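2 protein chains.
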Amino acid sequence: MSDWAWALADTARTMPSAQLGDDLDAGSLRLREVVTSYHRRLRAGCAAPDNAIIVGGFRHGLNIVLGALARRGITHLGLEDPGPREHDVIAGRAGLGVVAVPVDDHGLDVARLRASPARAVLVTPAHQCPTGALLSSQRRRDLVAWAQEVDGVIVEDDYDAEFRYDRQPVGSLQGLAPEHVIALGSVSKTLAPAIKIGWMLVPPPLVTQLRQDMRLTSRGVPVLDQFALAALIESGRFDRHLRRMRTLYATRRATLSAAVEAALPKLRLTGLAAGCHALLRLPDDLREAAVVAAAQRRSVRVRGLSDYRVGVGSAGNAAASPLGPALVLGFGNVNESRIRRGVDALAKALTELNATS
Amino acid sequence: MSDWAWALADTARTMPSAQLGDDLDAGSLRLREVVTSYHRRLRAGCAAPDNAIIVGGFRHGLNIVLGALARRGITHLGLEDPGPREHDVIAGRAGLGVVAVPVDDHGLDVARLRASPARAVLVTPAHQCPTGALLSSQRRRDLVAWAQEVDGVIVEDDYDAEFRYDRQPVGSLQGLAPEHVIALGSVSKTLAPAIKIGWMLVPPPLVTQLRQDMRLTSRGVPVLDQFALAALIESGRFDRHLRRMRTLYATRRATLSAAVEAALPKLRLTGLAAGCHALLRLPDDLREAAVVAAAQRRSVRVRGLSDYRVGVGSAGNAAASPLGPALVLGFGNVNESRIRRGVDALAKALTELNATS
Chain A
1 MSDWAWALAD TARTMPSAQL GDDLDAGSLR LREVVTSYHR RLRAGCAAPD
51 NAIIVGGFRH GLNIVLGALA RRGITHLGLE DPGPREHDVI AGRAGLGVVA
101 VPVDDHGLDV ARLRASPARA VLVTPAHQCP TGALLSSQRR RDLVAWAQEV
151 DGVIVEDDYD AEFRYDRQPV GSLQGLAPEH VIALGSVSKT LAPAIKIGWM
201 LVPPPLVTQL RQDMRLTSRG VPVLDQFALA ALIESGRFDR HLRRMRTLYA
251 TRRATLSAAV EAALPKLRLT GLAAGCHALL RLPDDLREAA VVAAAQRRSV
301 RVRGLSDYRV GVGSAGNAAA SPLGPALVLG FGNVNESRIR RGVDALAKAL
351 TELNATS
Chain B
1001 MSDWAWALAD TARTMPSAQL GDDLDAGSLR LREVVTSYHR RLRAGCAAPD
1051 NAIIVGGFRH GLNIVLGALA RRGITHLGLE DPGPREHDVI AGRAGLGVVA
1101 VPVDDHGLDV ARLRASPARA VLVTPAHQCP TGALLSSQRR RDLVAWAQEV
1151 DGVIVEDDYD AEFRYDRQPV GSLQGLAPEH VIALGSVSKT LAPAIKIGWM
1201 LVPPPLVTQL RQDMRLTSRG VPVLDQFALA ALIESGRFDR HLRRMRTLYA
1251 TRRATLSAAV EAALPKLRLT GLAAGCHALL RLPDDLREAA VVAAAQRRSV
1301 RVRGLSDYRV GVGSAGNAAA SPLGPALVLG FGNVNESRIR RGVDALAKAL
1351 TELNATS
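Chains A and B, in that order, give the protein sequences. Everything in the first sequence is counted per this note's numbering, starting at 1 for the first residue and increasing by one. Everything in the second sequence is counted per this note's numbering, starting at 1001 for the first residue and increasing by one.
Same shape as in the complex, but just chain A (with noise of 0.2 Å):
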């Protein structure tokens, strides 16, 4: 985070004060320019700074973009079923129907989606939340094909983008249909979640109504912050930060997998070519809920795969995935020693639940 601080120190320092009087709604158009620029190059984006629009990160954003969809007409939307937590809630809220889409190990089951009444949808291509899965060739384009067919909106959350680890990045959905798109984008992985700047990349047709839904919600985000993070991105600092944090996953997710290898042989971990999390496959006879509470018991804290669930919230969906038990394992912001002592503590719950079971 002295990266951050160095921008912001040295935003304040040098920004003439005249432009902290902007209430720019769609945020300033230097930043809109870097990160169209930064998307362009680093996701193989295609948007203009005019069809950017800055937002207070990713939730700000889609809050936006589910409300603005429903004032379309839009009824339905479809949500990868595991997928990120809330936002079922969160589209709920915006007055829209949600759609259980299932995910495979090749993403989003477009088949499905095509049959439900969606005709708006939110993925996780590059690193699906939480299976880890990427979104296939063949489904990128079916689901492209999709909304040209329906005249839908494909919602891009362009989640853990940055960390892939066995190839080059993965273009961005944004890129391959920018007409059909809406990419969101933030640096609460990338930086600091503190931090509340993320983007929308926007189809033209779509950018006045959401540059007057930011007007009536909240009028833009803190102007200085948007400066300093044009600032970071265009020293170069940014880039280096990304390579440092990369590095850095690498090792944590290597360890991860060695130290699974070694405790739980028998296991899968799966979804490791990118980002930050891993799924750890359970063996079928195994609930999911007494793994977390033993794992909790010794001071392993993990989510089970079911707290995914689209509807997990209601009464009636907190059933185990298709995909069979699994856990759901971050290393993000946890140390090697602590990952090795994490999987050994899983592995003790694990032999303890088998003597009880």
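No wet-lab data here; the hints were simulated from the structure. Since this is a predicted model, take the numbers as computed values, not measurements. Just so you know, even glycine gets a beta-carbon here, dropped at the ideal spot from N, CA and C. Possibly wrong hints are sitting among the right ones.
[Claimed, not checked] Beta-carbon label-pair distances, calculated as ranges:
id : chain 1 : residue 1 : chain 2 : residue 2 : range
1  : A       : R338      : B       : R1030     : 25 to 35 Å
2  : B       : S1037     : A       : Y165      : 17 to 27 Å
3  : B       : N1335     : A       : D151      : 46 to 56 Å
4  : A       : L248      : B       : R1013     : 18 to 28 Å
5  : B       : E1149     : A       : S299      : 47 to 57 Å
[As the list claims (entries may be wrong)] Some chain A residues near chain B, calculated using beta-carbon distances under 10 Å:
id : residue
6  : W4
7  : D10
8  : F58
9  : V89
10 : I90
11 : R93
12 : G97
13 : A192
14 : D225
Mind docking chain B on chain A? Use the hints.
Same frame as chain A, but now just chain B:
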């Protein structure tokens, strides 16, 4: 704005980076302590830090509050008529029916509110926007009595409260009836709109819901900015800044008053006891729109009072206010010579209109 730059740079330099990892939906405890103490000291407020929630400026807070009221089953919101622009649109988007409640020289007409189906009302008691009226003591008591009787909610926009010229600041409604008032404050007027920090002071039974709303809609506002604002207020620089601004605005206000008396001796200027705008009452036979257009031709930008009518965006209610035709003159961002030139140009525009009518 050099104060804000100082605060951000100082905070960026000295704040432990661990605190940047916090993702606090309700805002940092330190800033919540500082703003509740500030509100107690300067606004005779009465809220504990636990009842404060940090938001991204006034509109952000307003959207959160109105959404929460709608979800609690409130169907209608009373709005001052005339009142702040676009609040009717924002209320409608939150799913609330809007009741236009007339404003007179004593502020909101509470008897009219009482006769309506509204169980919540949005008011600018310290300096009514745009008439400049102060909500009288009797009306304050009536408003609180109404809220107690109907178990209603008063949303207090503590607008311009810091800038009173003729006497001590009037206390906030929140201090009178903390169990029925949600107070919204921000530094948009006192520091700069670009800073985008505000606060809600909330009755205890609403705290849990509003914290959840913050989590679901944005997960809070930038943490470093919050620490910077806390530092600015605690350092005494914020108070000094307010004193400087009050002196500056008082000079501009006196200039405006003298210029109107000299150039437009027959017209009344009202609502000058506080804030950065006043109302120039026009002769009854003049059409506001014609005056605004004539001023515009002389490069003077003013708004007519009818622009502030509730429902002005919809077809029905662009009608003149019962207060008669008037112009809203802002003097916060206009230096003295521009104020004098503006009033002179306005006088010429009025002469021109009289000659042609």
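| Which of the listed hints are not met by the structure? | 2 and 12
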